[in-house]
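Chains as they are written, first to last, in the numbering used here: chain A, 1 to 717; chain B, 1 to 505.
Honestly, the hints are just simulated from the structure, not real lab data. Take the hints with a grain of salt, since some may be wrong.
[Unchecked claim] Cβ-to-Cβ under 10 Å is the rule here; a few derived chain B residues that face chain A:
#1 G217
#2 W228
#3 V273
#4 D274
#5 L282
#6 I381
#7 P464
#8 L468
#9 L471
#10 I472
#11 L475
[Stated by the list, open to error] Okay, the calculated bits of chain B under chain A, using three or more residues with CB under 8 Å as the criterion:
#12 205-212
#13 294-305
Positions of the beta carbon are idealized from the N, C-alpha and C atoms, including for glycine.
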Amino acid sequence: MSPAILLIILFAPLAAFAVQILFGRRLFAPKEGEQNRIAGAAVPILGVLVSLALTLIYVLPSMFQPTDPFTLPADGNGAAWIDMAGGMELRIGLMLDNTSRVLLFMVTLVCSMIHLFAAGYMKLRDGLPEPRYTRFFAYLSLFTFAMLLLVVSDNLLTLFVGWELMGLCSYLLIGFYYEKKSAQDASLKAFMTTRVGDVLLFVGMAILWTHLGSLRFADIHAGMEAGNLSGGTLTLAGLLCLGGAIGKSAQFPLHTWLPDAMEGPTPVSALIHAATMVAAGVYLAARLLQAAVLDAAALMTLAYVGAFTAVFAASIAFVQNDIKRVLAYSTISQLGYMMLAVGVGSYTAAVFHMLTHAFFKACLFLGSGSVIHAMHDGLHHVHSHADAQDMRNMGGLRKKMPRTHLTFLISTLAIAGAPLTAGFLSKDAVLAGALAYGMKNPGHFLLPALGFLAALMTAFYMFRLVFGTFYGEFGARANEHDRELVLQAEPHLHESPAIMTVPLIVLALGALWAFWSPMDPMSKGWIGETVVQHEVWTDHGAANVAEGGADSHDAHNGVYHTAHIVTIALSIGVAAVGFLFALLFFGLRVLSSERFAQSNFARMLERKYGFDELYDWAFVRNLLRVCNASGAVDLKIVDGLVNGVGSAFVSARRSFTWLTGAIDRLVVDGAVNGVGRSLRWIGAVFRRAQSGLIQNYLLVIFTGLAALIFIVAMGLR
Amino acid sequence: MTPLDNLSSLQHYIPDAALASFAVLIVIVDLFARGRSKVVVGVLSIAALAVAGALTLWMPHTGERLFYGMARQDGLAQTFKLVIVGCAAVTLLVSLRTQEVAERLRGEFFALMLFATYGMFLMVSASNLLIAYLGVELASISSYILAGFLANQSRSSEAAFKYVIYGSVASGVMLFGVSLLYGMAGTTDIALMGERLASAHPLALTIAVVFLFAGVGYKIASVPFHMWSPDVYEGSPLPVTAFLSVASKAAGFGLTLRIFRDGLGAEELLASVDWPLFLALLSAVTMTVGNLAAMGQKNVKRLLAYSSIAHGGYLLMGIAALGSSDSSAPTAAILFYLAVYLFMNLGAFFVVMHLAEPSRLGSEEMPAYRGLIRRSPALAIVMSVFLFSLIGLPPFAGFWGKLYLFKSVVDASLVEGGVNGHNFVWLVLLAMANSAISLYYYFAVVKAMLLDRGEEETPVKAHPAFALVLLILFLPTLLLGFFTNVDDFRVDEAPEASASIMAEE
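So here's chain A without its partners, still in its complex pose (with noise of 0.2 Å):
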């Protein structure tokens, strides 16, 4: 493989953000009176789908060969970045692991799927065509680059970058429809609650740099090994990176944003919960164990957060009627899963559920969003404002939409972690990596304890959304003020076109065993194989670890070989008894859950227990009443001292309003009479550009800026 390619699958999609964003609208968007066309997603489709085949076709088939990693530059060194005085540097490069692998073909994969489902389901929104098609597709090019970038880089500082870029894609399309209040506080909520992460890991990652010099992790690991870090400093900036990996994540107690992030488009739902974003945080929590950054404590800490965060999302999960919110309390119970398994130790079995995860978890958002899309189009039709999410307002939907229902059906099994699905295999190995640990370290059973019951919740909501969406009578559960409408809307109800469908297809033949495990079902499977840890981590205190985790997968270790058989046959248990009690609560109905959802510990999931009222009374509302104090005291002081010149702020405020209606008020005929005639139609160019719109002049700026940066840097000597 050469470095191009590598480069060409990485700037892809950057490439088409930035055909997207500075031509999109021009050249594709319809014309007064006409639909969104495919042609708006062209571009991006175009180049995620690069990104998709390259990695098919050259790195996918380089994890089965025995080779060291991938490093560009090719010296596996990194290239100086930025040198500063006194030997201090930052080194930066790109580095392909089987882990980077992987997690790069399930990345554009699914990101690919995401475009091409999108395609088709933004094109209308409430009747009329989406009126910033193309620049939604140009954000999702963007935030395809900075998840590549992400698991591509060698160091921490650019996966940094694709950190933070994503947090600000995540910003624009969680608030892609910002006419609604609430699209807007969400995606400030995403934002700030994720900042708060971000900023306690560039803590971590200064402690990192101060104490190692390094950022790359090859280089984190041998600083490691050479003893460079230790004892509480070391807890600390684990503790402090791993920070960051729960706000990204949105593990407890950083998880409240994760949620109302449901108010974005439902493909913006599928690729931050599935492939993206929330991926990064296990992804980072992954790379730091394998740097051996964790220390014993720290990864303690990790594993509790994951296996509390599994259940406390998947009870409240039980009580949700939002068909996206349930999926989005199951995304944050999956993650408590996978970072349980960072924390025991158990790397392939977190980079394992990372990979099957996206791809069921994908298909059942996308899948949600066929239903909406669905559900939409009926109401619409019959002029109800019945909510198109809530599942009271579905059921039985198993007709009309086959296709969605059957991929549907196949991730929530993949899910629950029924046999033959994907997630039984990744699940199985998370939950014996736990167990493993508990059998080690006996004090610590409450992980594997915690590890199954939420195994069991998640079967048990999961199915609930089934049963209610697909089963039953359509619109049966509506309540009466909205179900006369809701029943009209069923004939006009239908499944999706294929360009959305085809997609659910692909994901949910990901979710299924036979992809990830052809044959034996006691062998490792080839991501068993192939990814696994570099070389087990020096002995800082980690030797209560499950022995190697989930990669010593083979049938002679020990404690792990007894684990994982208990564990599958209790997972299969479990799972079982979760999808019984969902049966005979919401499929067969000859359970009623009505006593339950009067009782206060019922209302007191749907109030999230209350972490939204506790954040907005501790933090927001203060953080609020300290800046309007500070703001009184200014304008106090301000008006208090100069009076006159603060009547000239004040009229110059006023001036704002005045400025709406000026738009434009250049006027360029022809010029005076005489010589000079291509002179003054130069002339007429530059006054032209002095258009009056400030926007413009600041583009002015700052392109000038680059290119006077280029031209001066092109005569370096």
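Following the hints, position chain B against chain A.
Positioned in the frame of chain A, the structure of chain B alone reads:
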């Protein structure tokens, strides 16, 4: 020369301190003045500028480094301050009775003018990038409000709004550049940083220098940071436009000169970042863009606004020539040109302003100027002289200004090694071609006034007080080239980043 501590700095800082104190005093007096006693505020403001100007002129400027090396009291600062304070004083005189600023708000107007002037003082005397930034901000923020002073006119409000946004972005970029420089040099002292930057990474240094230039480039309206100026010049009250086009530009050049001469002039630095060529290219583009855009402009105020961009381009040529071994000749040429520019540009702007009053022409459009020679011979002739001087026709002062400026660039190019290895004679030729272009549009105004026949025949009378101000501007425009020359404007040499400075660190 060792830096002085705060207390012993004060005695050298009297002119600036007086100006600042007066500005604060005027704000307070204005609070209590009512009705006719508002006159006091105007008188006080003029007095403030007169005192500051006189003190600046008579205080010895020995190159002291004040306030632990934050500001420098040297000949360069002195000359720039005189240009600035002169411009402010004339502007204030004119706006004493302008209709554009409401009587009630005049006190604030004056106070803001003084604050802006003080900000510009800071800019030209700063020997530390932080103080320079402070000066830029103080001058800018005062100017924003001044530009939007006609709050009931949407074009004025729009001008202020654009100015605020544009200025904030530009100064923000500049601050970024300062922080980068600080990161590489470990100091924000202009004189100290040059030597330390020599070993910095050339690309990083390039970015920092370009960013830094964004801030001063916006002040001097150099392409590509010039876009604000036509809109702001057109929308602002005319006295403000005149003030901005001269004083603000002069202050910007003072800072630019100091940064490039004292800060980035070290030979090792020139070897790594070729800023003379960079500035020469900018100069070429700036003068050409300014002149071409002014061409065919029918609104005289806007025409002058565009042409002042072109004059900035000519001056940048001098800054580019600072990269030669002898920086004192281009410095003197820049100072001389600015002094000339002060008179001729202010004069032209004020004639436009006076004619635009409803009792006279009531318009800034060129057709209204037709046949002015029959209606007011004096105003028409004075205006023609200002315009001829702006073109650079002999024997008016503008000609001498251009002559010395061009000569300094040619001289610098022809010595051994040229300007950092470049020969900028092409730039001078381009500047001459540009002067020819400017002839075309300036002369269009002259033609309208002197040769065309207008519809109106009623005489236009200049206000006597205003005529006096015009005379103050007119005489130097006519005679400056005969009574003084560029050698009178030679100021002290660039301070060496000498061992003495290093030793005290």
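Hints, verified against the model:
no., hint, in the structure
1, G217, "9 Å, holds"
2, W228, "6 Å, holds"
3, V273, "7 Å, holds"
4, D274, "5 Å, holds"
5, L282, "8 Å, holds"
6, I381, "22 Å, violated"
7, P464, "31 Å, violated"
8, L468, "30 Å, violated"
9, L471, "31 Å, violated"
10, I472, "29 Å, violated"
11, L475, "31 Å, violated"
12, 205-212, "holds (count 5)"
13, 294-305, "holds (count 5)"
When each numbered hint is compared with the structure, violations occur for hints 6, 7, 8, 9, 10 and 11.
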